[in-house]
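S.K.: Following the hints, complete the assembly by docking chain C onto the known chain R.
For the record, the sequence lines run as chains R and C.
Note that this note's numbering numbers the first sequence so that position 165 is 165, with each residue one more than the last.
Note that this note's numbering numbers the second sequence so that position 233 is 233, with each residue one more than the last.
Be aware that a few hints might be false.
[Said to hold, decoys possible] Going by beta-carbon spacing under 8 Å, a handful of chain R positions derived as facing chain C:
1) E80
2) A88
3) N92
4) D93
5) R94
6) E100
7) W101
8) R105
9) T108
10) A113
11) D117
12) Y268
13) L272
14) Q333
15) K469
[What the hints assert, rightly or not] Label-pair distances were calculated between CB atoms; the ranges are:
16) C:G310 - R:S62: 54 to 64 Å
17) R:A77 - C:S203: 37 to 47 Å
18) R:R126 - C:S203: 43 to 53 Å
19) C:Y257 - R:S62: 50 to 60 Å
20) R:L141 - C:R334: 50 to 60 Å
21) C:S2 - R:P5: 18 to 28 Å
22) C:S12 - R:S135: 20 to 30 Å
23) C:R334 - R:A65: 14 to 24 Å
In case anyone wonders, no lab produced these hints; they're calculated from the structure.
A virtual CB, placed ideally from N, CA and C, is assigned to each residue, including glycine.
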Amino acid sequence: MTGQPAIDRVLRRAGREIRARRAARGAWRGAFWGAVAGVAAVAAKEWLGDDAVVLALALFGSAIAIVAAVGACRRVAPLESARLADCAYGLNDRLATTLEWVSRRERTPLTEALIRDTAEQLEGVRARAVVPRTSLREARLLPIPVLAALALVLAPPLTQPRTWFGEGFASEARAREGRSISPLEELARLLGADFRPKDPFAARDGADRREAQKGTTAAESAEFKDRSLSKRASDFASFVNKGDDRLRLLERTDRLPDLQSDFATSKYRLLLRKAQELSSAKGPNQLSTAKLGQILREMERLGRRSGDWADDAREGLEALEEGQTEEAMEAMQSALGKLRDREERQRSSRLLRGGRDRQQDQQDGRGQGGRTRNDEDRAGSYSLAQSRGADKGKPSARLRSTPYDAGVEGQRRGRMPALDTQMTGRPGGAGLQLHALGEIGQYRRMMEDAIAREQVPRAYHDQVRDYFKSLHNE
Amino acid sequence: MSREARVEAFISAYSALRSEIEKVIVGHGEIISGVLTAMFAGGHVLLEGVPGLGKTLLVRTLAESLHLTFSRVQFTPDLMPADILGTNVIVDDDGGRRHFQFQPGPIFAHIVLADEVNRATPKTQSALLEGMQEHSVTVAGTSRALPRPFFVLATQNPIEMEGTYPLPEAQLDRFFFKLRVRYPTMQELNAIIDRTTQVQTVSVERVMDGATVLGFRDLIREVPMATHVRDFASRIVMATHPQWDGAPEATRRYVRYGASPRAAQALVLGANVRALTEGRYNVSMEDIRVLAAPALRHRIILNFAGESEGIDGDALVARVMDNVEGATVRSLERVAG
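Chain R extracted, bound-state conformation (with noise of 0.2 Å):
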């Protein structure tokens, strides 16, 4: 204090003041927020029973006795309280520089004229409020959670939903989705692929056309299927980077997928769904006989090549075509279960390399290099691609022997991890045919560089080595 007795009697009652006016301010605010939490409380009365009121109004009390005991608690700085009494006294800043320069060492000559002055504007002084009175917004909106309070205590108790809503959506979102991801899915999301659905007939188109392309090239050799590869630049590095959670997918190797077939694209599993689509028709009124008769005989045809269910299949053909659906769809459903049945096999088998060629190839006793039934049915599928009887041997020596086929040398320039591919061979009738292995051999050479730069953490080099050899046909 300054030891004028006249502006340290002046601080005291500002701070006084102060200190009661935010009680106050502190009070009306702890009322609305109490009140609104009173609110909350009386809404959940069907829960809380007759202890919503008393719950309410606790709230209302100790919000209101807490706010309004925190603000009449704060610390209030003296040259805090000069300011507003300068303000409301009319003093010019007086107070505040007396009380400032009183505190000060180093004064100038005009302190103690200052302080003399003050003192004496002081004397004349009326007393009155040093903080102005202001209406607070919370006062002003007290009375409507208030009466909302009062309202919901004399209205009948709100019904609470029976489930929340987050489950509802979650429901609704699997129940809109109707399957689960599959590790393909998994995969292309992890690789950042555009994985949505596709035009069925375009997918079956792409699938006729890749079945084609397989039987030019060695019968257990991994395949790229997409040939968008050849024309950009081969990019390990963003693999290598954003390789760990694919790293980490190597490790599951029981969910990798048959990287020689399209499980998503597949005509079986094309007409798994479709069949299921059907099957899942509310009534026999709403059951698409051209629909079903087309499902049949897509069963029959891929029946008669590599099942046993044409029979079935041809059965709900003869059904169908005598008016009868429920044998109709009975077939079907025969037919469909040994279809499934068929695909369950095939993805059981989990061999990465070969699949379920090698596993048929097994089945049928054949070797490798042999050729294989779907070999001859694609023969007769793709006119372009050239069925030849004679083993087609390893890869890179067929790629040299002959000159209607293409291979891609990459080399590697730079520092950026850029392949300049070169195309070798004649680009005869047949097409452009790029062939994985030699896309293979690059991404190979640059996993080995990798490695060897240590951008693969070191726990992982063998299981990275041994993903591309297993891609490599040895």
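M.R.: Then chain C, alone, in the frame of chain R:
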């Protein structure tokens, strides 16, 4: 003499000087206050107004009220720096020998009236720069001190732009205040007519000398100022800078360069003088508020948007003041809970 007695002496001298000027000048109370405030604070004043409003008369009356030397320079386009500063001339002494002798120019006076300062070329205008800031001039390699107190009052006409050379920003910044002389009111005009068209002589007495003025300059630097008042002045100056985080929207839109630190010095020193003349021993925020416009209006450089929209410096300062005062009021409200 005690400090309080010195303050009393200052107040009485100030009042006497003001009343002597008001014997001649009708109205223009703010202009007289501004001129006297700048003089006691040690600054220079730029008076801007259309012809015939009594700018030159005000300065002449001030000079006549003080025991100080006075010179008037009418700035013209052919005025040369040597015409203001002075030059070396060859003189014959009693022995018949010739030597150079410095012939001081009109700047060597306590009060210098630079009439229509914007009519001279920038080279001549800049001859005033060193004298205004350093209180000394350099002629032929020799630095010569100007008499103390040294007080420059410059006038300029804001409407006649043809054949004029607007003052560069560096020179404008040297002026403590820029005061705008406005038209008199009806009553003031009647009083002017009565005083100037009838046969009556008004004699102005000299009420103060140079030493007294210098003594009062020391006194006003002793006026205490609270920290929050100083912060208020600093915030006002900073709010004229568009780069400052707390600058108002008007500053960001219309200002290219804000006020310099000289503006803050002028604000505080002027507020010190005003506090004493109001009979207070401390500077208040009200003093800063009153003097913000004369101290800042010529130190804010508008950008193209401001120039093209005809933004007035005073309006801009008013917006800045509103912004800063609003922040101050809000801080006080927070104190009250």
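S.K.: In ascending order, which of the hints set out earlier in this document are inconsistent with the structure?
M.R.: 2, 8, 12, 13, 14, 15, 17, 20 and 22
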